[in-house]
Amino acid sequence: MNETVLDVSDLEAGYEPGVPIVRGASITVNKGEIVVVLGPNGAGKSSLIKAIAGLVPISRGKVLLDGKDITAAPAHTMVRLGLAFVPQTENVFPRMSVEDNLKVACGILERRQAPARIEEMYAAFPDLLRQRRTPAGNLSGGQRQMLAVARALIVHPKVLVLDEPSAGLSPKFVSMVFEMLSDIRKSGVTILLVEQNAKAALAIGDRAYVLVEGKERHEGAASTLWDDPVIAELYLGQRPLRKDSARHTETGGAA
Amino acid sequence: MNLQFVVDGLLTGSMIGLGAIGVTLTYSILRFSNFAHGDFMAWGTYATLAVVGAIAAMFGKVAPIAPLSFGWPLIVALIVGAAFTALLALLLDKVLFSRLRKQEQAIIAVMGSFGASMALRSLLEFIFTSRPTYFSRAIQIAMPVGFGIRITPDQIALLILTAALVLGVHLLTTRTQTGRSMQAMSQNPALARIAGIDVASVVRVTWVIGAALACVAGVMIGVLVQIRPLMGFDMLLPMFAAAILGGIGSIPGAVLGGLIIGLAEAGAVQLIGAEWRAAVSFIILMAVLIVRPIGLFGVRER
Numbered sequence: 001m002n003e004t005v006l007d008v009s010d011l012e013a014g015y016e017p018g019v020p021i022v023r024g025a026s027i028t029v030n031k032g033e034i035v036v037v038l039g040p041n042g043a044g045k046s047s048l049i050k051a052i053a054g055l056v057p058i059s060r061g062k063v064l065l066d067g068k069d070i071t072a073a074p075a076h077t078m079v080r081l082g083l084a085f086v087p088q089t090e091n092v093f094p095r096m097s098v099e100d101n102l103k104v105a106c107g108i109l110e111r112r113q114a115p116a117r118i119e120e121m122y123a124a125f126p127d128l129l130r131q132r133r134t135p136a137g138n139l140s141g142g143q144r145q146m147l148a149v150a151r152a153l154i155v156h157p158k159v160l161v162l163d164e165p166s167a168g169l170s171p172k173f174v175s176m177v178f179e180m181l182s183d184i185r186k187s188g189v190t191i192l193l194v195e196q197n198a199k200a201a202l203a204i205g206d207r208a209y210v211l212v213e214g215k216e217r218h219e220g221a222a223s224t225l226w227d228d229p230v231i232a233e234l235y236l237g238q239r240p241l242r243k244d245s246a247r248h249t250e251t252g253g254a255a
Numbered sequence: 001m002n003l004q005f006v007v008d009g010l011l012t013g014s015m016i017g018l019g020a021i022g023v024t025l026t027y028s029i030l031r032f033s034n035f036a037h038g039d040f041m042a043w044g045t046y047a048t049l050a051v052v053g054a055i056a057a058m059f060g061k062v063a064p065i066a067p068l069s070f071g072w073p074l075i076v077a078l079i080v081g082a083a084f085t086a087l088l089a090l091l092l093d094k095v096l097f098s099r100l101r102k103q104e105q106a107i108i109a110v111m112g113s114f115g116a117s118m119a120l121r122s123l124l125e126f127i128f129t130s131r132p133t134y135f136s137r138a139i140q141i142a143m144p145v146g147f148g149i150r151i152t153p154d155q156i157a158l159l160i161l162t163a164a165l166v167l168g169v170h171l172l173t174t175r176t177q178t179g180r181s182m183q184a185m186s187q188n189p190a191l192a193r194i195a196g197i198d199v200a201s202v203v204r205v206t207w208v209i210g211a212a213l214a215c216v217a218g219v220m221i222g223v224l225v226q227i228r229p230l231m232g233f234d235m236l237l238p239m240f241a242a243a244i245l246g247g248i249g250s251i252p253g254a255v256l257g258g259l260i261i262g263l264a265e266a267g268a269v270q271l272i273g274a275e276w277r278a279a280v281s282f283i284i285l286m287a288v289l290i291v292r293p294i295g296l297f298g299v300r301e302r
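If you read the protein sequences in the order shown, they are chains A and B. All residue numbers for the first sequence refer to the UniProt record's numbering, where the first residue is 1 and numbers rise by one. All residue numbers for the second sequence refer to the UniProt record's numbering, where the first residue is 1 and numbers rise by one.
Quick caveat, the hints were computed from the structure, so don't treat them as lab data. It should be emphasised that the depicted structure is a prediction, and the values quoted were computed from it without experimental measurement. Hints may contain errors.
Have a look at the derived ranges for each label pair, beta carbon to beta carbon [to be verified]:
id, chain 1, residue 1, chain 2, residue 2, range
1, B, G115, A, L64, 45 to 53 angstroms
2, B, A279, A, S140, 45 to 53 angstroms
3, B, A83, A, N2, 52 to 60 angstroms
4, B, R175, A, D183, 27 to 35 angstroms
5, B, K102, A, N30, 37 to 45 angstroms
Heads up, the beta-carbon is just placed ideally off N, CA and C, and yes, glycines get one too.
Using the sequences and the hints, build the whole thing.
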């Protein structure tokens, strides 16, 4: 029943050799789940999922996708392997039309499939259909996020990985983006996301991890985690649990 | 006033424009100014010349095609020469540029291309000497076409070839998956990788297109003017001026920029004096950088 799609074990990763930002993190994502990674600023949340997506060098540990080792796979092969990543910022090609943004992502599909798949994306995101000729750089923040997600979904990924999809959006768009993710999960896509907006993310998530100093310190059901004192201690930093997490008190906090 | 400068300018502009396409593609996709691009032109031309010679040795003298000064051997040789130039660019990228591009600062690759340019040029002089040579010594009679303008059949053929190539490259870059991948690479290389685009293959396509067009431009110069080891290097400033005038990354811009500079050069020769010819592209380059640094079709970088 709980079929594991993504299995990350003991991952150590960082931009510079010898300076790991992710320090032995282990997380799993099961089929059909939304898994949320929370944590204070600088905890290595973004670096963790970028390492999974092949964008940050991994120095130790393993990433398994559907049981297949993808630890050393180059970033451009990830969509073919079934992992689609949506970066936090600069996640569309600004001077290409909405349609070309979708078309360029169809490279791994069979040529005949691409037009139908683009139509499916337009059906799922009618805003994009209306703006199909607009350069992506002229879209509103919310529409841009939609396009970025559609671009990732178009290749039928086994898991959709998002880096703070609500960052920089106005409150109206934030709820729109989370509704969108909830709908995407209902259509059968497995989702892993990193979020600063803990409350909104936990509302749609199934399980969550709290990452502190590059390692997961807590795991729990999303519905109970918000009320768990561990959130306040580790993440909101109201009451330092231990000395080593005390320095997060200044920077920690929900966005 | 004699309007002959329009034809001369369009021809010079075509050569500059074809070369500038490679410059602008290298700059926007590989992110460095390739100063060896002019030498790709010269190498392509000499390669074509060598193939023409080889064909003549194998098949004897071949009659030119009706009104043109050249026959099928030049057409075959041009295709072989373009392929050779593309291979040369790929080889140079493998042994030199790909390593230098990994460095943080683009200036390292630029300086590397300067070195490659000198080496390539000297090697040509070593092999072929610096004495000018020609594809054909036949003299073509220019036909009057009205308004005091005369044009030769060769010139017409090469203008048509330029238009066809520019249209072809434009369609390739805007309508095909390869072209969209190139655009994506130039706009956001990190996202291009995330979207599953194989960066290495886009880099290869970029070199192949740029180098093949450089070869065609060089052969045009060879057919219409003469062949010299310095022929490409002398085109470097006009090509960069055209690419910058048109807006870096824009293929229509590079061609239009080339035509404007070609016409301005030809006009300057007629109106001011031939000694000002070389100054024209420099003045245009300066003016663009001061007035509109992003060029005609350029876009502001983030």
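Outcome of the hint check:
For G115/B and L64/A, the Cβ-Cβ distance of about 46 angstroms falls inside the hinted range of 45 to 53 angstroms, so the restraint holds. In this structure, A279/B and S140/A meet the distance hint of 45 to 53 angstroms, their C-beta atoms being roughly 48 angstroms apart. For the pair A83/B and N2/A, the beta carbons lie near 56 angstroms from each other, so the given range of 52 to 60 angstroms is met. As the Cβ distance of R175/B to D183/A is approximately 33 angstroms, the hint placing it in 27 to 35 angstroms holds.
Range check, K102/B to N30/A: Cβ separation about 39 angstroms, and the 37 to 45 angstroms hint holds.
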